[in-house]
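Asker: Residue strings, one per chain:
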Amino acid sequence: MTAVKQLVKGLAEQHGRNEESLLPILQGIVSQEQHISEDAMVEVARELNISAAQVYGTATFYSFLHTKPLGKFVIRVCKTITCMMHGKNQIIKELETVLKINLGETTHDGKFTLLETNCLGQCHKGPAMLINDKPYTQLTPEKVREIIMMYRHEEVRAN
Amino acid sequence: MAEKINLKIDNIAVNIDEGSTILEAAQKINIRIPTLCYHEDLCVAGNCRVCMVEQVGSDRLIPSCAMPVSEGMEIMTNSLKVRSARKQVVELLVSEHRAECTRCYKNGKCELQDLSSEYIVGENGYIDLIPLKGYSIDNFSPSIIKDDSKCIRCQRCVRTCNELQNIGALSVAYKGEHMKISSFYEKPMYEVVCTNCGQCINRCPTGALTEKTYFDEVWSALNSEKKHVVVQTAPAVRIALGEALGMPVGEIVTGKLVAALRRLGFNSVLDTDFTADLTIIEEGNELLQRLKKVLVDGDTSVKLPLTTSCSPGWVKFIEHAFPEYLENVSTAKSPQQMFGALAKTFYAKKIGVEPENMVSISVMPCTAKKYEADRPEMRSSGYKDVDYVLTTRELALMIKQAGIDFSSLPDDEYDSIMGESSGAAVIFGATGGVMEAALRTAYEVVTGREVPFKNLNITAVRGMEDVKEATIKIENVLPEWSFLEGAELKTCVAHGLSNAKKVMEAVRDGKAEYHFIEIMACPGGCLGGGGQPIPTSLAIRKQRSKAIYEEDSLKPIRKSHENPEVIHIYEEFLKEPLGEKSHELLHTHYTKRNRY
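Chains as they are written, first to last, in this note's numbering: chain L, 433 to 591; chain Y, 19 to 614.
Some hints could be false.
Partial list, derived from the structure: chain L residues whose beta carbon lies under 8 Å from chain Y [as the list claims (entries may be wrong)]: (1) I482; (2) A484; (3) A485; (4) F493.
Keep in mind the hints are simulated off the structure, nothing from the lab.
Even glycine gets a Cβ: it sits at the ideal position worked out from N, Cα and C.
The shape of chain L in the complex, shown without the other chains:
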């Protein structure tokens, strides 16, 4: 049995094999593997006896269920109107310069992925972004540089 098969089987045993088990299983895969691969989706479909397209449809509906491999740190900059008016475009430009990638891309070392997201509920403190689960608000280009430096340092120390 492959590792993916094992993982999905374990999650199905934990959450059940009903249609409503689909989301917790997908979340379980993301927390283990960070993204849901094609093989994993086929396995989920097999375990729950539903169509693979349905698994794909559910996985692609939710922004936090990744269907593509992402970097270790996923940066999501709020794209909605308040953050936009507070200068989110400059924030993105700065991130692109610091990370040397374009929006939607992942750095070569696999550390950072830069994405846009819908409202983070931080309109009073815009512009805002998330790095993995941690929110950062009232961003300025300078603050963004510091945050990224901090993540890079932590990485170096951790290794």
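Position chain Y against the provided structure of chain L, taking the given hints into account.
Answerer: Okay, now just chain Y, sitting in the frame of chain L:
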């Protein structure tokens, strides 16, 4: 009995069962509320918002397809507010629809186009969003073209694939402005579990899902002097073609069909019904042989129940969903492919045409037949056995293009040989038909007597119920079939793949025991096939079914084994059922396929 509800629609009083929708109440008094996502074969979706109506005393408009009636309701279907909302909804839908109507295969048959023409949208419409979205067109399947740029996301196809067929090849992926109808991982349709049944095509209101057409290739063949073009017509075409050419539903047009094909320039106009009779001989004998091997020889390698193999949608479905049951599928090819294999061998020799100069065309109620003809196994003659498959709709278009006034055509007769058929072959087009035809022959082979039903009509296997079961007791058999004396032959008939799945799951779980199962992929059988005229509904399918059984009862020969041309081909060419020649040309094998 359901309680009755009184309401008023456009100031006309309506009395209707509780639980009915406003849309149904309006239909009852002949008020047409436009719809797009609504389809009577499917569950309510309520997502297109075209059917919005106004309730007196309420500010908000309500979707009439999804809202149940309530006592004292007053509904306006044509107020200024409703009309302007409806127009805006249509304009918004059109702004996301690649409206290249003059070049579209669905031109003139598109529900969105009809609505646009009623509301004259376009002049002050919204920004055209098509250039801004990276739409893709999946043109790779031999059967189905999926063009996302014409999709209005009404999800009729998704509901069809999930509810009627229980395949789920299509699903809704992503959300908001990125929402799209997608296969697994957005793979091309030919790579996924899609069975090519075409039921989604029958229900798509626009040109987003259409069959791949081959009429241009057929016109080229017809206009080539070197080519001898042979055409075969499936049983269900002759009772539905008229619909696509302005005739009433359920009209039998066999004679006109033959006349039209001749006018179009086909050199030999022959009948799939002939090979339907042949299928019965081969498949019926296969059933009896399997029964003998299991009951007398105790051969464990032979599998029962035997299932039919005429429906290529069903065959692909079982290859994906129940590969462990592939040995239960009859090895007999479908009538289309038996015909193709014989056309370029037996028939070509008979009329003195080199098979490489023969072009073999079939007219089918089916989109999966296009895929079937493309299968690598279907080249028994040494050539592609069936070169091009046309749907009923494509043939109707060719007849229009040729300027033929179809309804005034005189009746004509099929060519011979391979043009004669029995009533048993005609009913292949309806669910239960193959079963009935097989029983008419198999019973007689075993007992020497006709099946014990009035006028040979085995009504237990007819009709539109999801799954039908019939048990036939076999008594006073001929000496060589003595092992079947007193046996009860248990049969099952299912149509629509969701019903097929139920039957196969019951067989797998040991909850049902059958000897012979007939499965047709499409609701109602071939008469409701994915290549048939649009629209489709239960009422339409019942009309077509009635026509098929009428055609059967009018035939002088009602049993496959009495078809003189079938007797002739065994004497002259095939020698015996399940014989060497049969195995070479008329039987095939199946392939296990993946799960997505």
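Asker: All hints, please: hold or fail.
Answerer: Hints versus structure:
This hint holds: L:I482 has a C-beta 7 Å from the nearest C-beta of chain Y, less than the 8 Å allowed. The interface hint given for L:A484 is met, as the beta carbon of that residue sits about 4 Å from the closest beta carbon of chain Y, less than 8 Å. Taking 8 Å as the C-beta contact cut-off toward chain Y, the hint placing L:A485 at the interface holds, the least distance being around 4 Å. At its closest, the beta carbon of L:F493 sits 5 Å from a beta carbon of chain Y; the interface hint therefore holds under the 8 Å criterion.
When each numbered hint is compared with the structure, no violation occurs for any of them.
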